[in-house]
Amino acid sequence: MKHPTRIRWAVIAVALVGFALLVSAEGMWRDLLGALFPDYRTVVHPRGTLVDFTLEHLALVGVSSALTIAVGVPLGIWVTRRSGREFRPLVSAGVDLGQTFPPVAVLALAMPVLGFGFWPTIVALFLYGLFPVVSGTIAGIESVPPAVTEAAVGMGMSRWQVLARVELPLAARVIMAGVRTSVAINIGTATVGAAIGTGGLGVPIIGGLAVQNMAYVLQGAIPAALLAVLADALLAQAEEGLGVATG
Amino acid sequence: MTDSTASPTRFDRVALTGALVTLVGAAVLPFVELRANRLVPGSGHSLAAAGPWAFVVWGVIALAFVSAVGPSAKARSAASTAGAYGLVAAIAWALGAAAEGLLADMSPVARVSVGGGAWVMLVGAAILGFAGAEERSRFVVRRAGPVVLLVVAVAGALVSGGLDRISLAREFAVRQEQFVSLILGHLAITGASLAAGAAIGVPLGLLAARNRRVRGVALAVTGVIETIPSLALLGLLVVPLAALGAAVPWLRDLGVRGIGPAPGFIALALYSLLPVVRNTYVGLTSVDAAAIDAGRGMGMSRRQLLFRVELPLAAPLVMEGLRVAAVLLTGIATLTVFAGARTLGILIFEGLGQFAPDLILLGALPTIALAVIADIGMSALARAVTPRGVRVAVQTPAPTFAEEAAA
Amino acid sequence: MIRLENVTKRFSEKTAVDGLTLEVPEGEVCVLIGPSGCGKTTTLRMVNRLIEPTSGRILVNGRDVMSMRPEELRRGLGYVIQSIGLFPHLTVAENIGVVPRLLGWEKPRIADRARELLSLVGLEPDSYLRAYPRQLSGGEAQRVGVARALAADPPVLLMDEPFGAVDPLNRERLQAEFGRIQRELHKTVVFVTHDIDEAIRLADRVAIMRDGRLQQYDTPENVLNRPANKFVHDFVGADRALKRLVRIKVTEVMRPAPQAAIDDAPEAMRERAGAGRFVYLTDDEGRLAGWLDTDDIRDDAVADAITTVDRLQATVARDASLRDALSRMLGLGFRSIAVTDDEGRIMGEVTFAAIEAVMSEAEEHRGPTADGEGA
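Protein chains in written order, with this note's numbering: chain A, 21 to 267; chain B, 42 to 448; chain C, 1401 to 1775.
It should be emphasised that the hints constitute simulated quantities derived from the structure, not laboratory data.
Each residue gets a CB set at the ideal place from its N, CA and C atoms; glycine is no exception.
Do not take every clue at face value.
[Stated by the list, open to error] Just the calculated beta-carbon pair ranges, DEER-fashion:
| # | chain 1 | residue 1 | chain 2 | residue 2 | range |
| --- | --- | --- | --- | --- | --- |
| 1 | A | Leu75 | B | Leu225 | 36 to 44 Å |
| 2 | B | Gln395 | A | Val71 | 27 to 35 Å |
| 3 | B | Leu228 | C | Ser1537 | 46 to 54 Å |
| 4 | A | Gln181 | C | Leu1712 | 56 to 64 Å |
| 5 | C | Glu1405 | A | Glu170 | 55 to 63 Å |
| 6 | C | Ser1537 | A | Glu170 | 47 to 55 Å |
| 7 | B | Phe52 | A | Ala86 | 31 to 39 Å |
| 8 | A | Ala171 | B | Ile241 | 43 to 51 Å |
| 9 | A | Val173 | B | Gly264 | 37 to 45 Å |
| 10 | B | Phe52 | A | Glu162 | 47 to 55 Å |
Input sequences plus hints: build the corresponding full structure.
In structure tokens:
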């Protein structure tokens, strides 16, 4: 099984490098979009380079997702421990309800409460991203067969050892699936962040749609779509890898 | 009631959390914000602005704490529920009173809006209500309970006129007509694209269940569509549609153009495909193989097998897919406004553009409500199409016929 | 009647059934048996065309199955499988009514039929008609499965390990009921199992298969007494003699038993015993109440020599097999046991010696004729 896995990682690595080259090829975009839309005076968004937009986007998603994982996984673990078990129904119900909330609406609601800009957007993305991560963590840990944890306790493992050596490794794949969903939503929602001045690849899309400049739209939409698909493939591969490790 | 939780605590920690959250909201954060007009930043005012109503709120908060340490689980549950309803009502009245008081000698363009403290208190009330409902957490109580609570409170406040002076209500009063037409537009584009998604997705799921190659392609393609950010997909659709509309005038007259309802409709329908196709596929392939073997062995044709056995048994999962799609589309429909559709997104993004918090709320809150209603409604529908014999929890406890002792 | 003529089924590499020729006479139970992978299930499924033969012909009541529409063919063949496959979204009544509805029966007729069949398989119609499959125990579900297969009164029943997933106790009960139903209905049955005891118990004819080929096709008695080859010999097992007892009814080796009424005078009881040691004592309805052991009579105190017993425990019914009688006797430590008729009256007794004689006869038997029903 080692070989195909390595090949897939290599493919993803090559695709990432390809993506990096694509967004940094300023001239290519200018020529290509210019040829496609000869009537437009400008074909690339004036506010920044594609590299700027991509980095802004990655910063939003990276910071919020890191926070989400740092808070969501421990929260999910806590409600499956004895000390937090009472809160398990509340957290599950909250997470279920939260996941029915549209992410854009949550992002919009953060503005009146938290204000505009980078950090309020991060907070909104972080909060929304929590839902799939927490529910994935709970589902993952609860999918561990009780017989397995009982055996671990019977072998003399402490509670921490049971968690670290048995439950988390077995739950890793499901937790990773939650993280993957969370990141996918964050990448999508971060695109909308452009409407509230946080930059990102949404800037040329929204700007282009507003002024009917289709070149701008493509300049933002193509990298945004590729980024999302790439990130998803990367996390799917990581998920797969965890499955093999515990398989 | 069996108290299965391990710790034999004499108090309800969940209810206590709800009470604490409410207390923090009331004590630390501004209850309302007063602004000179609808666009400028405002100044925060504490619960005290509500005058005598503040004491009522404090009283209910005290009751909430008492409810968490009641003598029996049953008493705690009843007190928590009462506390939750009481809190929502008291907060609503206090908001009205605070607005009344603060606006007494201000210019007519001044606005009082709901502050962070009031929102946090409402969250605390929801936790309290959940703690009360937990014991008998039926589907309806768990899912619909909080919504009913909120709708009753808001409706009550609106009917009594208590919230008329709150800026959200004033924003609504100003835009009433536009608001109604946008909600209808939102429902129309969501419903139409969901119907289209179902019309394509269910047969596609059926094909996927029958044919390995179709399954691979269908699940991969719909999966990739699902990961593409909505705005990007919208953008990728606008460009070719604009070109097509420009090149073919009669198509343009039919509504095929870059800006208008077409790209939004197509994007939403595409997004609905993954949940519908996947669930139809899973539903059909998870039908017990023995039931299918028995059906064939009894002489059912493929059609009869599909319509009398497979589809009825797959229906709950198909409906579940439609539910996921409906919730998803309700949210994404806000973004179609960038391509010229008319949905609640107009209020949200106009509000964001003008830095007008009330307008954002006027768009975002109903969007959330629509998504939650879609979720509850479709869940109920999914239960309705679930054949009685396969319901997970049958309403009346199923009589179990023990193998009779004397044969 | 079912005829298989030189039937072969090949799955890409593997030959599942190889040149099988077999005839099941009308009204008989043919049990296909063999180790897993021997082709028994494939054979069964070729009869109703769930699998189509590679070559050869299969005739059901004289018609080539390949000449009929599969759906039409199957509606005329009852089909019961191990996993039952009741439709979970339909009630018991609706499950039973599936084939009648496919055949376009009137609603009242379907409803009547469902009631009738539930009674036939031993389930109280009023409690079960509206139940859903998930409310049934394994044994109940399989009874409904049998009722469903019988719904349109097909002349032929195909049963694929129907009692394989039921616990041993219920399996025996279901086998007994199947025997009763078959005696009543006289269906032509093809029955697949891997349980040799079940085969011997239920079959009119046993077809033992291995690697897709028929090893022996004969009555259970002949299979037990004269295995055609070493494979059959080993497959049937070392306890052939014991197995054979399943096929023999107690009434076949029963002898008259001395009996007296329990309120008779001691002298009368003694007299009835004659040369024997025991005399069965009956109540006023002729049912077993106890017995008198003449060896235990000391100083004419007859009462002390009487043992009273629970008549259900200490007797076997007239339709019991010798094996039932033997296991009952071993369990109770008896050397003989009373056989009762349907009213519980004593008909006679079976002795350990008689059973022993049957067993040794079977062990030594190599001659051309078998006792019992004969070949």
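Results of checking the hints against the structure:
1. A/Leu75 / B/Leu225: 36 to 44 Å: holds, 41 Å
2. B/Gln395 / A/Val71: 27 to 35 Å: Holds - the Cβ-Cβ distance for glutamine 395 of chain B and valine 71 of chain A, about 31 Å, lies within 27 to 35 Å.
3. B/Leu228 / C/Ser1537: 46 to 54 Å: Given range 46 to 54 Å: holds, Cβ gap about 49 Å.
4. A/Gln181 / C/Leu1712: 56 to 64 Å: holds, 59 Å
5. C/Glu1405 / A/Glu170: 55 to 63 Å: Between glutamate 1405 of chain C and glutamate 170 of chain A, where Cβ atoms are some 59 Å apart, the hint holds.
6. C/Ser1537 / A/Glu170: 47 to 55 Å: violated, 29 Å
7. B/Phe52 / A/Ala86: 31 to 39 Å: holds, 36 Å
8. A/Ala171 / B/Ile241: 43 to 51 Å: Cβ of alanine 171 of chain A to Cβ of isoleucine 241 of chain B: about 48 Å, so the range 43 to 51 Å holds.
9. A/Val173 / B/Gly264: 37 to 45 Å: holds, 39 Å
10. B/Phe52 / A/Glu162: 47 to 55 Å: violated, 26 Å
Hint check: violations occur at hints 6 and 10; the rest are consistent with the structure.
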